[in-house]
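Line by line, the protein sequences are chains X and G. The opening residue of the first sequence carries number 1 in the numbering used here; numbering runs sequentially from there. The opening residue of the second sequence carries number 1 in the numbering used here; numbering runs sequentially from there.
Since the hints were derived computationally from the structure, they do not count as laboratory data. Take the hints with a grain of salt, since some may be wrong.
Unchecked claim - Using 30 Å as the maximum straight-line C-alpha spacing, the simulated DSSO-like pairs for lysine-lysine come out as follows:
#, chain 1, residue 1, chain 2, residue 2
1, G, K46, X, K96
2, X, K184, X, K227
3, X, K265, G, K36
None of the values given here were measured: they were computed from a predicted structure.
Listed here are the chains, written in short residue letters.
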Amino acid sequence: MKKRHLSSLLAAAAIAALLPLLPVAGVAQSDAKTGKGGKGFGKQGKTEQKDTLTPSGPAPKMSDGKPDFSGVWTPGLSFTQMGQVPLQPWAEEVYKQRRATLSKDDPEGHCLPAGVPRISPFLQKFVQTPTLLVILDEGNIHSYRQVFLDGRKHLDDPGPLWMGDSIGSWSGEGDGGTLVVDTKFLNDKTWLNGQGLPHSDQLHVIERFTRPDLGHLNIEITMDDPKAFTMPHTFTRTYLLRPTWEIQEYVCNEFNVDADHLVGK
Amino acid sequence: MTFKFRVALITGCALFGAVAPILAHHSFAAEYDSTKTVTVKGTVSKLSWVNPHAYVYVDVKDASGKVTTWAFESLSPNALSRQGWNRNSLKPGEEVTVEGYMAKDGRPLADGSIHANSRAITRSDGRKVFVGSSADEVPSK
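Okay, chain G solo, but in the shape it has when bound:
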């Protein structure tokens, strides 16, 4: 990883990730690595309000001006709506910091964006939105 400027990829045993979270239609541990945590700061390019998981796309610009897009899997729209969020809760251009977990296979999504799973998204004023990670009912180990 070379996103030295605004991205810090932290690899280790995440206390939180020692057991997988819940609420997905798939095994969290089969797709994401709870020990590969990442914190990304950038601007929202799109909130995709789709099933079975909403996706938050974040553009990250490095010092040379090159933009890289991250795609963070979130909870399902119905679960998010019961937490009080909707498709307008994040707007394109908004600055956010996203904490998440990297996909195990390291492959981007079909659109080329880096594939990760969000645990928490924080706005520039410090308020959190979309707190929670998609995951499943089993421990990661």
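Only chain X is shown next, with the shape it has when bound in the complex:
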């Protein structure tokens, strides 16, 4: 567990150093200085981080007064943050094996879906109607989630699904209300993150979406997995609105030569 914590810290440090590459602050400004003839490239130069792209203002509402989550969102650094997931011993061993082989078998490297609640650093587009929320993923592969808001129940055992079966309901909690999304029937092929945190087909995910203002979307995520975790685990993500951006094509299998060169050690 301590090693995992250290990995998270290192990952956070790496991400902080490379923030300009993420679609957080828009066009990257880099003044990286390159070293030559030494043992490496030298340290990346400092870059000012000022978010000038996230708008301010009141959160929009649907005609029925419910929060409207529509828009193009960047997860920013959220895609790496999951905290300490309490794994059972067998799952801890799986995780260690995936770390030891440097995530070479990550399904995403083979252009497979991320599953839930894993996300990529790419954009997500939310399209909301009174009875349906659609989440369009630009990457890792083009994929989508349908969150049904029409009062229906979960499917009757549809078999393991890559993105699960998601049912939404409204709660009065939070500023302006909360959308509670219940997702089940996920397969055990996906990883929870790029480091290889595993889960089973008993993973049950509850996401609580709130929009405190125009530019921010908060998601509190609780994962429970009686076959892989020792207890439920909750963490949060914050997405940032990008009102002038659009999701783009990202056809992962077009030229995925990486799959043949992922050797691990």
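Knowing the structure of chain X, use the given hints to seat chain G on it.
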């Protein structure tokens, strides 16, 4: 490596590479060696604007005139476009210097080009293009 004339392969612990960069669909550390850095000077033969990563092909000529082609994995086209680049940002024949990381398996791509990952590409006038490396969300160690 025998590219003494225009290529310097530098092996060591790259400060920058001590932690892997981000933004790829695959594990950086599983494919590239952050301690095997390379600096290549040559001419662009092709910019392949493809998913999930654009590739920059660079021809390097040694003293005898023999040309070797390097293929540098870059960011994805959508990520590059948000940095202000497009498929015409590098043109065939343009002189560039590319800093990057070697592939771990040492095998060329199917077309025979040397396989590496680009961190930064600098034009002859010193301006940088395609700054950034594809990689992932985990540390290399």
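Okay, the hints, checked on the actual structure:
1. K46(G) <-> K96(X): Given pair K46(G), K96(X) is violated - Cα atoms ~40 Å apart, limit 30 Å.
2. K184(X) <-> K227(X): holds (14 Å)
3. K265(X) <-> K36(G): Judged against 30 Å, a Cα distance of about 14 Å means the pair holds.
The structure is inconsistent with hint 1 alone, although it conforms to all the rest.
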